[in-house]
Amino acid sequence: MQSSPSVSFSLPDIGPQTALFLDFDGTLADLAPQPEAVQLVADLIPVLTQLAAQLNGALAIVSGRRLADLDGFLAPLQLTSAAEHGAQRRLAQGQVISLASPDLQEVVRLATALAARHTGLRVEIKSAAVALHYRHAPELETLAQQVMRDAAHGTPGLELLRGKCVFEVKPAGISKGTAIEAFMAAAPFAGRLPLFAGDDTTDEAGFSAVQLLGGQGIKVGKGDSRAHYRCQTPAALRQWLRLACHDQPTPTAPNPPEKSMNRNEK
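Residue numbers for the sequence shown follow our numbering, so the first one is 1 and each next one is one higher.
Do not rely on the hints blindly, as some may be mistaken.
[Claimed, not checked] Distance windows between CB atoms, simulated:
#1 53 / 154: 41 to 49 Å
#2 46 / 106: 38 to 46 Å
#3 113 / 159: 34 to 42 Å
#4 12 / 159: 29 to 37 Å
[As the list claims (entries may be wrong)] Mimicking EDC-like on lysine to aspartate or glutamate, the simulated pairs with C-alpha atoms at most 16 Å apart in a straight line are:
#5 164 / 124
#6 164 / 30
#7 164 / 141
Please keep in mind that the hints were generated in silico from the structure rather than gathered at the bench. The beta-carbon is built from N, C-alpha and C at its ideal position, and this holds for glycine as well.
All chains should be modelled from the sequences, with the hints used to inform the complete structure.
Next up, the structure:
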């Protein structure tokens with residue numbers, strides 16, 4: 001994959017006709033050693049609440065996380081969301097649609113058997129996917145990939161997706177890109193210009209989708225990408241969101257320091 005030759009570090013405006021799509025881990029929230037250890041900065045939920053209101057609801061979270069996990073972190077917000085890379089979608093009206101219920105028994109068996117032999121591996125079982133994390137055992141990357149590739153090939157209708165220190169077996173043909181396309185076909189997103197911010201290779205399908213629809217992708221962090229825009233860190237992305245809120249300071253004002261919030265403190 002090649003980085004766009006016209007990549008820009010000056011992020012696009014979030015305007016009244018924007019449809020805003022945001023990844024969670026590594027984009028809204030900084031990455032953590034374990035998925036459950038993620039902490040949100042204290043003002044993120046108020047900022048998302050205000051932006052959703054400004055955009056008349058045309059804001060959605062598009063993540064590989066389970067929907068229940070997203071809701072737990074973002075409570076009391078329950079935003080329009082695509083979870084598990086689009087296998088589950090919560091529409092603007094609150095209806096939850098599950099697009100696939102694959103047979104994951106063999107994938108679970110192979111992944112858990114491998115993790116049982118190597119303490120640095122971690123298996124995450126979702127409703128429509130199985131993820132094998134190797135962040136704490138990077139030397140096992142090749143072995144983890146082989147096992148998960150074999151697991152995907154052993155069950156019809158599944159495919160392997162690679163992310164940051166994770167291999168995930170998920171339903172074939174479903175992606176963050178297809179989720180964004182589905183959202184854009186209905187209110188309140190239809191007729192707007194989509195923006196999608198994400199940090200991982202799993203977000204590339206989303207970048208392609210929004211750019212084909214006349215919008216823009218924003219790659220957070222390093223790595224080659226199809227996205228036309230680049231943002232260095234999640235903190236910089238969050239500041240971009242703050243500045244889009246009507247009552248926030250202008251870009252020339254000093255940036256307020258971020259404070260993390262333990263979800264147990266909410």
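Notebook entry, point to check: Should the hint that residue 46 and residue 106 are 38 to 46 Å apart at their CB atoms be regarded as holding?
Noted result: Roughly 44 Å apart at Cβ, these two residues keep to the hinted range, so it holds.
Next item on the list: Decide if the proposed pair is consistent with the structure: residue 164 and residue 141, CA atoms, cutoff 16 Å inclusive.
Entry: Satisfied, since the Cα-Cα distance of roughly 11 Å is no more than 16 Å.
Notebook entry, point to check: Has the hinted range 34 to 42 Å been met by the Cβ atoms of residue 113 and residue 159?
Noted result: With Cβ atoms ~21 Å apart, the hint is violated.
Notebook entry, point to check: Would the pair residue 164 and residue 124 pass a check requiring their Cα atoms to be no farther apart than 16 Å?
Noted result: Holds, at roughly 14 Å.
Next item on the list: State, for the Cβ atoms of residue 12 and residue 159, whether the hinted interval 29 to 37 Å holds or is violated.
Entry: Hint holds: Cβ distance 31 Å, inside 29 to 37 Å.
Notebook entry, point to check: Would the pair residue 164 and residue 30 pass a check requiring their Cα atoms to be no farther apart than 16 Å?
Noted result: Status holds; Cα separation ~13 Å.
Notebook entry, point to check: Falls inside 41 to 49 Å, the C-beta gap from residue 53 to residue 154?
Noted result: holds, 47 Å
Comparing the model with each numbered hint stated earlier shows that hint 3 is the single one that does not hold.
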